[in-house]
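Q: Using the sequences and the hints given, assemble the complete structure.
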Amino acid sequence: MRICLLGEFKGKLDEGMRKTSFNILNLLKEKHEVLSLDLREIFKRDFWSAVKSFEPDLIHYLHGSSFRSFLVLRMIFKMTHSSKSVMSIMKLMPSSILRFASLLNLKPDLLLVPSKNLCEYLKKIKIRAEFFPLGGVDLEKFRPVSETEKESLREKYGIEKERFVILHVGHVKRGRNVLVLKELQGDNNQVVVVGSTSTKADQDVLRELQRAGCKVWRSYFEKIEEIYAMADCYVFPTKSYRDAVQLPLSVLEAMACNLPVITTKFGSLPHLFSEGDGLIYAETEDEFVKAARIVREIEADTRSRVEKFGWREVVRRLENIYSNLKEI
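Residue 116 is where the sequence shown starts when you use the numbering used here, and the numbers rise one by one after that.
It is worth saying that the hints were derived from the structure and are not from the lab.
Cβ coordinates follow ideal geometry from the N, Cα and C atoms, glycine included.
Don't take every hint at face value.
What the hints assert, rightly or not - Mimicking DSS-like on lysine-lysine, the simulated pairs with C-alpha atoms at most 30 Å apart in a straight line are:
no., residue 1, residue 2
1, K199, K167
2, K239, K380
3, K144, K338
4, K441, K167
5, K127, K380
6, K239, K276
7, K330, K380
8, K405, K354
Claimed, not checked - Simulated restraints on C-beta separations:
no., residue 1, residue 2, range
9, K271, N220, 26 to 36 Å
10, Y356, H196, 28 to 38 Å
11, S261, S168, 43 to 53 Å
A: Listed below in structure tokens is the structure:
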């Protein structure tokens, strides 16, 4: 199959959408002829020349998040006479945009969405949709390690061996609700925040975390799996749908390392994972503090919960969707 992927394929892999684009591209290339186009180059002539000459069987816009996403996909679809078009929504958008896209007949052949409620809504406004939160994890790269390896990694990164390390990976900004992490610092806990280098940090939030004793690292880690491996627990406190993709890859990566995870009921997570085996849902500061005490006493089995989200399995399911769509 000739597949045109629209996404973010250039730059460091420290951001969820870019990671998703990169992994899907590399696995699809094993069996298919794939053209990958970086949407940040949409105003360059070469972008449109490549689209026109490739003549794809299917176009997949990997992370639609605005009305412009629908416009771009429709323009490319019309230009190439492609048989089918697919769009994945990784971040929620206002329902008014979806209604407007439907009224203007800008809808793709299939929308892959991260919410079951959204899926039902789209069907009501005559947009074909399927519940498919787009995201995955490299199960070979992100894995549990022995206590000996953990101690060695802590020495490498300057973390005291006896501390209980609570990790968060993501943007350092107020909308991510990361100031909750201040409440977890202390009592032998060491909070470590790895901030994205692709997004500017909120300096006020950064300073507040540091004053509380949290370690905030704003560097690109080629081996980010080592940071997960040295941790004892992962925390994802985000609530606002505007501030993260609906299936947070950092949560999947932490689970693949078999870490206990404390998270809000964010996005697709409660649709995909029930509480238990080291996964705890929390919403308030008090609930996060309480959960951070509980996870010290439990034996996590989060890796077994996330094995079906390995990138190879995710792409296999995508291929089935592509094939079924072509037959319609």
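Q: Look at each hint and say if it fits the structure.
A: Checked hints:
| no. | hint | in the structure |
| --- | --- | --- |
| 1 | K199 <-> K167 | holds (15 Å) |
| 2 | K239 <-> K380 | holds (26 Å) |
| 3 | K144 <-> K338 | holds (24 Å) |
| 4 | K441 <-> K167 | holds (20 Å) |
| 5 | K127 <-> K380 | holds (28 Å) |
| 6 | K239 <-> K276 | violated (55 Å) |
| 7 | K330 <-> K380 | holds (25 Å) |
| 8 | K405 <-> K354 | holds (18 Å) |
| 9 | K271 <-> N220: 26 to 36 Å | violated (56 Å) |
| 10 | Y356 <-> H196: 28 to 38 Å | holds (35 Å) |
| 11 | S261 <-> S168: 43 to 53 Å | holds (52 Å) |
This entry does not satisfy hints 6, 9, going by the numbered hints stated previously.
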